[in-house]
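S.K.: The primary structure of each chain is shown beneath.
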Amino acid sequence: MFRSHPRIVTAATASLLVVGLSACGGTTKDSASSSGGGSQASAAADPNAKIEEGLKIAYLPKQLNNPYSDVETSGGKVAVGELKGEYKLVGPNDASASSQVSYINTLIQQQQNVIVVAANDPNAVCPSLNQARQAGIKVVSFDSDASKDCRDAFINQATTQGIGESLTKMANELAGGEGEIAILSATPNATNQNAWIEVMKTELAKPENSKLKLVKTVYGNDDDQKSFQEAQGLLQSYPNLKVIVSPTTVGIAAASRYVSSSNYKGKVQITGLGLPNQMREYVKDATVKKFALWNPADIGYLAAYAGAALASGQITGAQGQKFTAGKLGEYTIGADGEIVLGPPTEFTAENIDQFNF
Amino acid sequence: MATVASPPHARQNPLAKTRELGIVIALAALVAYTTVSQPRFLSAQSIRDILLNTAILAVMAAGQAVVVITRNIDLSVGSVLGVSAFTVASMMSADPGLPMVVALVTGLVVGAVAGLLNGVLVRYGRVPALVVTLGTMYIFRGLIYSWAGGGQVNADELPTHFLQFANDSILGVPWLVLIALVVVGGVALLMRNYRLGRELYAMGSSPSAAELAGIKVARNLLTAFIVSGALAGLAGVLFASRFGTIDASAGNGYELNVVAAVVVGGVAVSGGSGTVWGAGLGALLLTVIGSALTVLDINQFWQQAIVGALIVLAICADRIVAVRIARSLRKRDSHV
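Residue numbers (my numbering), protein chains in the order written: chain L, -3 to 353; chain U, 314 to 649.
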């Protein structure tokens, strides 16, 4: 998965969020019309504004019939239901750069309140999205960000920091607080992998992880055979190894498959980032106790709440504003309108059957 | 280049054995060195792992050797493996009750059809095999991508007996290893002792002479490609059973490993010489190198360079052996 869709966006360089227009349209309904609680001069955010009912929220994923996108938008559908809004799902059959433009134009004509979009190309969709915003439609991007001056907010599934912390935490738990761990990565030059590994190293330097020893990082090149060999090499070279952390879906599945069929089963733990469907077999046969990944359904869910908060004038997308997203709790908008979903979801034998992606 | 169709009969020509002997020596040296620095390299689990890792590559190398001996090449084997693995995995997940034999036969048939297509294009299209199979490599891969899309077949969708096949043993020998031994042994015997095999060597030594000598070149060539395709298809089933997760990229890039194993195993790319069991040994050597370099903690970036150096070395050795044989044949002729 990570080789075809690098989903982690590591942008977040400081630059000004251009808040397009002051909110027009009937935003604040009720009494409390006190001035917004931030230092936002131009944007009139009203933290006490009530979320409106009957909002038309449209989802435009990269393409339809992609299993991963389907899970994301299914979460959106649930959230729109909770918000008593109108849910709509449109999208192209191919994920090409320009294929989304005509859908955006149609959504503008249909006078949607919110467009939730996973941009196939950060720039190709920009003119259309800005037209939508001029027409008073709020634009929330998810999964794959649009250029930041043509959307109001971006739902980031996870930060590099969050993933690195989560991986270290799981390794620590599985090792029982001390012992040797190793990393089975994808390729030696994979940007996201190396960024996560760097965070892990920083985390491992902290006192609470001081008894964990990272003995080696190996690279399975996201190839099954190579990942097998690397896992075998680790287990031979480090007889006391307690945990193999593999932050790549190919690596974690290969390592689990190997360990489940060898006499190392039960002696060494596997964890990392994986897809529940891919890992179900190994969780059920007790090779893997826990692994993590962001929950795609939560991304769509959070996007709906963010969109509704924007359309109701509760937030404008400026840094520091807060809103509540149903079961997920309270969120604070970060720099550049980024909203981080939170730490990845951990999958265990207890909860894995609730997920299908 | 290789004008000598060297029959691998040791008694006839002891020098012909040199190629395989070289691999055996290299293997022994590598294993000895690695074991000294990490004794667990020769543990039962480790040997089992290495043999299992070799099995799939060796099956494909046996088929590739047959094609290379006819002075052709089959670059589509990685994609054929992918097609076969995805077909069989989808079939088994749709109908978990199917016995393993059905999976194996399906893989063989899917591969054979792909091989037949290659053979027909090479023979009747009169296009060099390098170009044809490069084309079909992309075509087959494209087929899987359009069929599988972003989807994959996961271990929990496959029946237990299918996954267990990769781990089960009979008399202590894993099924995968047994299949690889039977394939390499069977094809080696066919090439060495049977008329078809000798004709294939003759075709590789001199295609025009073979045609003039009345060898049914077309039929034999199709057979060679069908064997290579079918074995790649079989390898696909083994792949699916062993790794349990099959997506559209299964076997991507394997064709080059297979060609490397064949060349390192002493089969001349120019056709007409080399043995199938040499190719099998080549597969074993490459796998042991992969495992040994991992255990010896040698930098990732070096591993490919070492394999590359080995290929160059094998070709040089091949050339030296060919020159020696030619010389010894000339000498023998002069004494007659």
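Possibly wrong hints are sitting among the right ones.
Residues on chain U that point at chain L, a partial pick, calculated with CB under 10 Å [said to hold, decoys possible]:
#1 370
#2 460
#3 506
#4 533
#5 557
#6 560
#7 583
#8 641
Sample of chain L residues lacking proximity to chain U, with all beta carbon distances greater than 12 Å (derived) [stated by the list, open to error]:
#9 107
#10 143
#11 172
#12 344
It is worth saying that the hints were derived from the structure and are not from the lab.
Every residue gets a Cβ at the ideal spot worked out from N, C-alpha and C, and that includes glycine.
S.K.: For every hint, state whether the structure bears it out.
M.R.: Verification of the hints:
1. 370: holds, 8 Å
2. 460: violated, 14 Å
3. 506: violated, 33 Å
4. 533: violated, 32 Å
5. 557: Interface hint status for residue 557 (chain U): holds (5 Å vs cutoff 10 Å).
6. 560: holds, 9 Å
7. 583: Constraint on residue 583 (chain U) not satisfied, violated at 29 Å.
8. 641: violated, 41 Å
9. 107: For residue 107 (chain L), whose nearest Cβ neighbour in chain U is about 33 Å away, the distance exceeds 12 Å, so it holds.
10. 143: holds, 25 Å
11. 172: holds, 24 Å
12. 344: holds, 15 Å
When the structure is compared with the earlier hints, violations turn up for hints 2, 3, 4, 7, 8 and for no others.
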